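**Student:** Listed below are the residues making up each chain.
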Amino acid sequence: MGRYVLRRLLQMIPVFIGTTFLIFVMVHALGDPVNALFGDKAPDPAVAAQIRAQYNLNDPLWLQYVKYMGNLFRWDFGTTFSGQTVTSLLATAYPATLKLTAVAFTIEVVFGIGFGLISGLRRGGVADNSVLILTLVVISIPTFVTGYVLQYLIGVKWGIVPATAGDPLTLQSLLLPGIVLASVSLAYVARLTRTTVAENSKADYVRTATAKGLPRRRVVINHLLRNSLIPVVTFLGTDLGALMGGALVTERIFNIHGVGFYLYQGIVRQNSNTVVGFVTILVIVFLAANLLVDLLYAVLDPRIRYA
Amino acid sequence: MSTSVSSASAGSRADTVDSSDAPLLQVNDLHVEFRTRDGVAKAVNGVDYSVRAGETLAVLGESGSGKSVTAQAIMGILDSPPGHITGGEIIFKGRDLLKLGSEDRRQIRGAQMAMIFQDALSSLNPVHTVGAQLGEMYRVHKGSSRKEATAKAIELMDRVRIPAAKDRVNDYPHQFSGGMRQRIMIAMALALEPDLIIADEPTTALDVTVQAQVMDLLAELQAEYHMGLILITHDLGVVADVADKIAVMYAGRIVETAPVGELYARPAHPYTRGLLDSIPRLDQKGQELYAIKGLPPNLLHIPAGCAFNPRCPRAQEICRQEVPRLFQVTENDGTELAGRGSACFFWKETLNGE
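Residue numbers (my numbering), protein chains in the order written: chain A, 1 to 307; chain B, 1001 to 1354.
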């Protein structure tokens, strides 16, 4: 187990370097950041030269990357063109996104698995068909449509919860964005759970559990659901990273100053330091979540052992 | 005079068996059907059998003959839908199980009647330790604590002779060998010392040497606890050593019943005859093995008359028109052969091997 974790951690190093380098190259492929900074106006050559020197923009790309990574290991993510340190942006953005992700993830887990279980147990019934149709609808409608519609109806028209999440973020104000952010993943979790539950409910060990005279509740939770959750956990783990990085649309709709919000601004202004910095942290989150899922897999399924 | 004769015959039939009159389990005219998209499959069409305490009934038949479905109906674990019990009664210790509520039936399951399944690897939950799965019986039915349950689980594993039970109680099913896993299944069924055990092909997935060990263990424990045992199998070899009586099933009906020795010596139904003839024999080495011609019946369209008639070498016009009831089999001089019945119009000819 220890060896396995070590090996996985070592494997992360090339993945980390590869992904950050790709992001670095892509951001620079967007065009000259100095031109983007000045927008329509032609920059003063002297100022432009100074900025280029300050941000190492005259070096070849690989050298810029090496210098950037060198700074990164001293926890120096550089500064934005407006002079703020990226670390200070990260410090405001990540807590907001973490809160939003926590709310969304909870909704996704509770309702996704709940609906999936009900639907899988009563295959072909009214509940099952409703879940199938509803999840199909949710999956096929783009998030920004669900977001704006729910914001208008629940937030503005009926005023049940705040329409935007202000500062400081409260649980109540995060409820609606959480639902919107969770909706698509929730639908996938429900469908995945439904399939595995339906499949496993025909398994021999479930029949054994019934034959042992266990109450239905115990059969379903201890035997059926416990086994059915193994593939669902895999999905949830990778989805955790996707929720954090993919909150871009939701955060804009509900005016949450989180990762997606700053990332969007960084891309629009071609601010490589912001974009690469945020993505670097996201990459780490992704890798950590993946490792956690693989370890959890062994806990959930004793047939899988890592050596 | 007549009373003494009948009691004597009853005694000889059941010398190792409980002498009290009421059987432990009595299945009367059981009907089960599966309602599928393609139509109604009549899996069980009027099965009668009974088991006494300490007695072993072997139910013999090919795949789809309804032997497992009958067992599932008795246990109350029939998948419903699509399975439906459409008639009959299952009397267990004087109560008709089909008239009980689901909670009453749940309490009987596992505690008073238990089932051993065919493939122990898939029948045990892969994600729980065997100790937890054995202990669950005590935790649920007796309200034992986790600690007590584990102690009981170790005891059970010792009972079915699993070596180093104490060290292995926290192992998972996949860490055991096939024979050991089947012992765990047996231990689980025995946990609460039920009155009746239904073993559904308990040795099919095992290799031959292990089969013998497992069957011996099962027979030994059955004798010790004085349980009724229903042994479902398609293996005539397994049956011969352990069963007291045999019921042969075909297309959801019992076609022949007999005490174990007599069935082998003188079958009274052409289907049983065919089964016996298709056992490979050492003295016929090199010759082509006999096989019953044709295919098992489609349960959606069971042939009219005797279901076996399309495959039967003896089939006459009457077999295609009338369903034979289970006739009492008698000796040629008319004396009844105790416990023998055959659902064949030509049982007499078959019995005499004509």
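Don't read these hints as lab results, they were simulated from the structure. Predicted model, so just to flag it, every value in this text is computed and none were measured. Wrong hints could be hidden among the right ones.
[Said to hold, decoys possible] With a Cα cut of at most 20 Å, we get these calculated DMTMM-like pairs of lysine to aspartate or glutamate:
# : chain 1 : residue 1 : chain 2 : residue 2
1 : A       : Lys202    : B       : Asp1119
2 : A       : Lys202    : B       : Glu1317
3 : A       : Lys202    : B       : Asp1079
4 : B       : Lys1293   : B       : Glu1331
5 : B       : Lys1166   : B       : Glu1155
**Student:** Please go over all the hints and tell whether each is borne out by the structure.
**Tutor:** Consistency of the hints with the structure:
1. Lys202/A <-> Asp1119/B: Since the Cα atoms of lysine 202/A and aspartate 1119/B sit roughly 14 Å apart, the hinted pair holds (cutoff 20 Å).
2. Lys202/A <-> Glu1317/B: Roughly 43 Å between the alpha carbons, so the hint for lysine 202/A and glutamate 1317/B is violated.
3. Lys202/A <-> Asp1079/B: holds (9 Å)
4. Lys1293/B <-> Glu1331/B: violated (29 Å)
5. Lys1166/B <-> Glu1155/B: holds (9 Å)
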